[in-house]
Amino acid sequence: MEDLSRDFQAAYEDKFDVPPGTCTVQERISNICRYPDEMNGYGSNRPSPRNVSNVLFHQIEPIISSRKLSDMHAHFGQFLTHDIDFSSPLPRFEFESTLNSVWMPISVPKGDVHFDRRDTGKEYLSFVRSTFN
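For any residue, its number in our numbering is found by taking its place in the sequence shown, counting from 1, and adding 1.
Just so you know, these hints were derived from the structure itself, not from any lab.
In this text, a Cβ means the ideal position worked out from N, Cα and C, and glycines have one as well.
Don't take each hint at face value.
Label pairs and their in silico Cβ distance ranges [what the hints assert, rightly or not]: (1) S127 / F77: 17 to 27 Å; (2) L70 / H115: 19 to 29 Å; (3) S67 / K123: 12 to 22 Å.
All chains, please: the whole structure from these sequences, using the hints.
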């Protein structure tokens, strides 16, 4: 699995003003990253959420809902869920330079039919975590 962690920006060169939940290059190499708790840390030893999704929802033929619901019902539910939660108003590039508890890119499996059509194995889905505390 590709290492999606990033080094700190120049703003954190003093090594004292490190944001909570981030991992310095030295900590990442020695595998002792500081996260707020074991539950909310970045799970680099887990499979990619996109890979899990591909395995769980792989369909060979269409499966019609017993309640005759279309995909639009699921998409509308996703819209409501994402519209009412509080995601950080900061743009994605504010988080991309560090591996932290907010910016958590989802790696895409090599050859994914929707997100890695060029078969590079270097694609990822942008994901900014909702504010949850």
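The hints, checked one at a time:
Range check, S127 to F77: Cβ separation about 22 Å, and the 17 to 27 Å hint holds. Hint check: L70 to H115, Cβ distance near 22 Å, so the stated range 19 to 29 Å holds. For the pair S67 and K123, the supplied restraint of 12 to 22 Å is violated, since their beta-carbon distance comes to about 40 Å.
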